[in-house]
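Chains X and Y supply the protein sequences, listed in that same order.
For the first sequence, this note's numbering assigns the number 13 to the initial residue and increments by one for each residue that follows.
For the second sequence, this note's numbering assigns the number 4 to the initial residue and increments by one for each residue that follows.
The hints are simulated quantities; they were obtained by calculation from the structure and are not laboratory data.
Just so you know, even glycine gets a beta-carbon here, dropped at the ideal spot from N, CA and C.
Among these hints, one or two may not hold up.
Partner residues aside, some chain X positions facing chain Y, computed with beta carbon under 8 Å [what the hints assert, rightly or not]:
#: 1; residue: Arg24
#: 2; residue: Lys31
#: 3; residue: Arg101
#: 4; residue: Ser104
#: 5; residue: Ile263
Here is what each chain is made of, one letter per residue.
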Amino acid sequence: MNSRIIGEQVVRAWAVAKKDIRIYYYKPPVLISGILMPVFLYLAFLMGSKPVPMSFLISGLLGMTLFFTSTAVSPVVFPWEGQAKTLERLVSCPIAPEAIILGDMIASSVFGIAVTVVALIIGLMLGASVLNWVVLICAILLGALCFSAIGILLSVPPTAIPQNIMLLSTLVKFPLIFISGIFMPVDQLPPLGQTLALISPLTYFTDVVRISYTGGGSFPIGFDLGMLLAFTVILIVASVVLHKKTMPLRI
Amino acid sequence: MSDAILVKDLTKHFGSITAVDQISFSVKKGEIFGFLGPNGAGKTTTTRMITGIIKPDAGEIQILGYNMVTAPLLAKQKCGVVPETSNAYHDLTAWQNLMFMGEIFGLPDAYARRQSETLLRAFELTEHAGRKVQSFSKGMKQRLVLAMALLHEPELLFLDEPTSGLDVSSSRLILSMLREMNKRGVTIFLTTHNMDEANNLCHQVGIIRSGKLIAIDSPEKLKNTIDRLHQVEVSFEQEISEDLLRIMPGIIQISHIGDKWKISGENKDALIRSLVRLSEREGLTIISLHTLAPTLDDVFLQLTGGQYS
Ligand SMILES: Nc1ncnc2c1ncn2[C@@H]1O[C@H](COP(=O)(O)OP(=O)(O)OP(=O)(O)O)[C@@H](O)[C@H]1O
Ligand SMILES: [Mg+2]
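Model the full assembly from the supplied sequences, consistent with the hints where possible.
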């Protein structure tokens, strides 16, 4: 594939992303629940029994917000489109499977980032000031792609019943929350927890966001961002390889 | 390169069933090719493989010189596809669906808008352009899907039962558009159960049964292969008994339907002459006399092993 074709495919991926946003994200219930989530998370965190400093709290909160929003809709796009036969349309068009997946990822990332920005603004209003904006922005961009890729990987099983995928994604998502240093720093977890934390990309996101607010974390900045990038690449490659296998089974 | 579609030894299995079994054929540029076969014969599966929607287990597919398996993007760019089940995005309006197709095919924005307006007008959808497809009737959806397939002015158009379940005016509109497109040089691959449609529209017809291509020829030649049928339909002023007709030479079968006699014989010419002689001799008056040519229906039923009625 030469660079002109790749360029064309990226433009077409963007068209898929716009279509996804229009159909699956830019809907009042999705938008409202997207905005309510950080609000409720703040309430829950602030009303917690232990007084925790805001600057510590907010990294876990941003982590949960970005993780849940980026994985909320992305796992069910493929089952929905398979069921509605619109996937058959896409596959008959001159767009590569990679571009369809990229488009779905972009849409999911845009949604995740938008809601996370809402959470960020609420944090600023509550007095959580950012020490390192560059690191925070890099983390959010990379995290959004990484978590969206998780969402899309979850949609690999070729079921046309979106509920099956919702169950699977709940089973994967909630355990990740507990091993990712959201509620306490990784180095305070029991040894098993510390080991498990290493295989969760959310750990590195939460850690690097914590650094951008407090200046200190469990790992160096470069390591956190590097691990996020590595996870993103691996998840995307796995999604592409596996989706290419299962896509024909949905049609 | 005068072949728009070239298919060689195409095969597809689903588990233990062989849906498509080593099919080979070609469709010339500018032709309308009719693809016929009973339910479950493998028409949709074949069409899906040729249009790159599913991968064949074996075989080769060339679309206007591009290999569908190894160069799918280039091949798909040339094709417009109207699938068996209409698949516009229900949550988008007709206009948004068209614009989305424009982007996916990489069309310049102004061109996509101009084309969309023209097509919406041609398919009588202009006043529904801003409505979500959800609220469309079956015929409207089908017309929209066809408009979406034509947006990028494909050289090759695939349609899987485009008129099934539509009313007369919707299907006429679609068929006249197909003729129009074909006049402008578009090659058309049409799957249908409607024999009249195939007979009136197609240059070539392929008949598939249980995954195997069992005939491929022009409709007229196919009809000629059914030579056993030389039928005339006659009605007389007077009531007559079947025995009177039976005495004519070379009669194979006689049936009496309503006020008409349907007579098949070995030779049409001899049959008509004997009928005239008979009516003179017996003092009968012929009200009407038609010769009945075999229809594509007859060909289809005979080749696919259906009951001949
Ligand atoms: N995705 C699939 N999985 C399993 N079997 C399939 C699949 N698609 C088609 N088949 C089988 O392949 C055979 C051919 O089906 P196909 O849909 O191609 O027939 P068709 O000629 O289009 O029939 P119709 O006139 O009813 O549309 C059938 O036996 C069908 O059950
Ligand atoms: Mg079919």
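Right, here's what the structure says about each hint:
1. Arg24: holds (5 Å)
2. Lys31: holds (5 Å)
3. Arg101: holds (5 Å)
4. Ser104: holds (4 Å)
5. Ile263: Interface hint status for Ile263 of chain X: holds (6 Å vs cutoff 8 Å).
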